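Protein chains in written order, with the numbering used here: chain D, 495 to 815; chain S, 495 to 815.
Just so you know, the hints here were simulated from the structure itself, not pulled from any lab data.
Hints are supplied without guarantee of correctness; some may be wrong.
As the list claims (entries may be wrong) - Below, a list of computed lysine to any residue pairs in the SDA-like style, where the Cα atoms sit at most 25 Å apart: (1) S:697 x S:795; (2) S:795 x D:653; (3) S:795 x D:513; (4) S:795 x D:607; (5) S:795 x D:682; (6) S:496 x S:534; (7) S:795 x D:656; (8) D:795 x S:631; (9) D:795 x S:684; (10) S:795 x D:650; (11) D:795 x S:682; (12) D:795 x S:496; (13) D:795 x S:606.
Predicted model, so just to flag it, every value in this text is computed and none were measured.
2 protein chains.
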Amino acid sequence: MKSFNVNISEVGPRDGLQSIHTIMPTPYKLLWISRLHEAGVREIEVGSFVPASLLPQLADTAEVVRHAISLNGLTVMALVPNLKGAQAAIEAGVHRITIPVSASEAHSLANLRRTRQAMVAQVREMVALRNTLAPHVGVEVGVSTAFGCTLQGLVPEDDVVRLAADLAEAGVDEIGLSDTTGMANPAQVRRLFRQLREVIGAKAGAAHMHNTRGLGLANCLAAWDEGVRTFDSSMGGLGGCPFAPGASGNVVTEDLVFMFEAMGQDTGIDLEKLLLAREALHAALPNEPVYGMTPEAGLTKGFVYADGRAPRALSGSASHG
Amino acid sequence: MKSFNVNISEVGPRDGLQSIHTIMPTPYKLLWISRLHEAGVREIEVGSFVPASLLPQLADTAEVVRHAISLNGLTVMALVPNLKGAQAAIEAGVHRITIPVSASEAHSLANLRRTRQAMVAQVREMVALRNTLAPHVGVEVGVSTAFGCTLQGLVPEDDVVRLAADLAEAGVDEIGLSDTTGMANPAQVRRLFRQLREVIGAKAGAAHMHNTRGLGLANCLAAWDEGVRTFDSSMGGLGGCPFAPGASGNVVTEDLVFMFEAMGQDTGIDLEKLLLAREALHAALPNEPVYGMTPEAGLTKGFVYADGRAPRALSGSASHG
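Sequences and hints are given; from them, build the entire structure.
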C-alpha cells in the first residue's frame, strides 16, 4: 500500500455536524463520506455514539459506520464519551474509537461531569473492554482544552503532559492534543508536542487545531515541525463560523491539504476531487456556510501535487455560502 | 529606546487604500495613522508617490507624510515607482522609500513596463539620488511575485536570489520578499529567506505575505523561523477580500500581532488600542469590509502580552463589515 507523508483525518461528519442545528439526512451523509473517500481521504471520524436525545444530528452513526467500513482502505473512527458508547461503536464495526478527555479540570467537570482522574479510570475500563471484545480496534484520546480553556483560562503544560502519560499508562494507543477553544499559538504548540513526544514517544498522536483567531494553519505547521503527521480538520470549516466569538472553527480541510501539497508533502488527497465532496456537502446543507479560501481562490498557476501530478483544472468553485 | 522582537510594518494606508475604489478623505487618514501610532505601530507605509491620475486614492500622500513625520518615533515610508517619485518622497520628508521590483519578467513588463534589469538600473539611479539629496533616507526594495506569478506561474528561486543580489550591489539598504499573488507556502518561504540571507546577509528584509489561500500567518511563521523580523501587514486586511479570487488579501495586522504576542514575541503594539485604530478605519470607510478573526473572537482568557502586561479588557469588538 502506498504511504503518504501526512494523514488528514476528516472530522466534519462528527465535529462539524454536531456543531450545527440542521440534521443532515443519512443518505447525504453517506454520499458526502463516499466523495471524501474518492478524493483520497483515508481517515474519517464519521459520528459519535452518544444518546440521540443529546445529539440528534448523530443519531444515525451506526448506519453511517456500516456504510463507511465498506469503503476500501478507509479508517473509520467514531467518538465515544463512555463505556456504553465504546461498546456500541465496537459492535457497529468501527476501526478506531476516539475519547475526549479534558486537560482542564474546570472543563472536564462542566462538560463531562467527571474529574480528569475519573476520566482516566473510565478510559482504562474502555481499553479493557476493547481488549476483550475487539483487540484489533484502536483506542485514541484527543486531549481537549490542551492549549487553554474558556473556563479556567491557562491550562498548565505540566497538567497536559501528565494526563497524557496517565492515559498512555492506561493502555491508550494514541494521544493527540486539541485546541478546543482556539487559544493555541505556534510557540506553545511546539513546546507541548515536543514534551508529549518526550514523555509518551510513538503514542503521540494528532493535532486538532481550530482557526478561531486565524492561527489554525500556523499551528498545524508548528505541529508538523515537531513531527506530528496526523491532522484533524473539517471540510469547509463546517460547524464553526470563523467570524463569530466562541465558534468551533475547525481548520479547513481544503486549505490544510493545499498547504501540505504545496509544501511538497504528499497527503494522498486530490484537491479537485475534494471540491466534489465540497459540492456534496453544500448540496446536503444548502443553508450552512461552507468556508475555505483555497476553493475560492483556486489552485495557484503552475501548481503541482507533492507526487508530481499536475491538476486537471486550475480554477476553484465559487460556492461560498 | 526600548527594543522589540518583531517589527510590524503597517501597509494599509498605501497597499490597502490603493486596492479599493473609495477615496479616504485626508483627515480620516491622518486620524487613522495617529491611532495606529498610539497603538504602538512604529512603521507605516503611508502612501505612494505616483501620478494622482493613476491612483487618486493616494493623491494626498505628501500631506499625509507631513502629518506622519510629526509623530514621535514613527518610521514613515512611502512607495515610489521611479526617480520622480523618489524625489517627491524625499522632498516630502519620508524616512524610507520602498521600491517595487518584480522577480517575474512577465509581471515586470506587464506592471512596470520595464525588464527586471532595467528596474535594477533605475533603482541604482534612485540610490544615487538619495545619496546626493538625503543620505539619511533609507532605500528598500520589496521583491514582488517572489513566490509565484499569476502571469508566468512559477518564478525560479534563482531568479529571486540573483535579483536580490543585484539590488544589494546597486546600493539598496534592505531587500524583502513579497507574495504579491498569494502563492507562497511555508516550505518555499523558508528556502527563499534562507537563501536570501546567505546571499545578501543583513540586507535581507521584510516578509510581505498575503492570505489569499489562508496560509498568510503560516508563511509569516515560516519567515520568522528563518530570522525575518519585519512583517508587512494591513489593518483589517484592507483592500483584499479573502474570499474573492485574485484578491490582494494582505495578512491582517490584528491577527499577526496576536500571533506574535501570544508566542511571547514583543511587537510593542497594544491590541486593545489597535481596536481603536480599527474603529477609526471603519468610521473612515463604513462600506468596506474590515476583516480579522482576533478582533471578532476577542483575546483569549488568560492572555498576557509578551512583556507580561495583562490586557485591560478581554472581549473584542464586533465591528465586522
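Tested hints:
1. For the given pair, residue 697 (chain S) sits about 39 Å from residue 795 (chain S) by alpha-carbon distance, which is inconsistent with the 25 Å threshold.
2. Note on residue 795 (chain S) and residue 653 (chain D): the hinted pairing holds, with a Cα-Cα distance of about 18 Å set against a maximum of 25 Å.
3. In summary, the hint linking residue 795 (chain S) to residue 513 (chain D) is supported, as the alpha carbons are separated by about 22 Å, within the 25 Å threshold.
4. Taking the CA atoms of residue 795 (chain S) and residue 607 (chain D), the gap is about 22 Å. The hint holds against a cut of 25 Å.
5. Taken as a hint, the residue 795 (chain S) and residue 682 (chain D) pair is honoured in the structure, with Cα atoms around 15 Å apart against an allowance of 25 Å.
6. Simply put, residue 496 (chain S) and residue 534 (chain S) have alpha-carbon atoms about 12 Å apart, close enough for the 25 Å limit, and the pair holds.
7. This hinted pair checks out: residue 795 (chain S) and residue 656 (chain D) have alpha carbons roughly 23 Å apart, not beyond 25 Å.
8. For a cut-off of 25 Å, the pair hint linking residue 795 (chain D) to residue 631 (chain S) is broken: about 38 Å separates their Cα positions.
9. Taking the CA atoms of residue 795 (chain D) and residue 684 (chain S), the gap is about 20 Å. The hint holds against a cut of 25 Å.
10. Restraint check for residue 795 (chain S) and residue 650 (chain D): satisfied, since their Cα atoms lie roughly 14 Å apart, inside the 25 Å limit.
11. Simply put, residue 795 (chain D) and residue 682 (chain S) have alpha-carbon atoms about 15 Å apart, close enough for the 25 Å limit, and the pair holds.
12. Taking the CA atoms of residue 795 (chain D) and residue 496 (chain S), the gap is near 44 Å; set against the 25 Å cutoff, the hint is violated.
13. With a CA separation close to 21 Å, the supplied pair residue 795 (chain D) and residue 606 (chain S) stays within the 25 Å bound.
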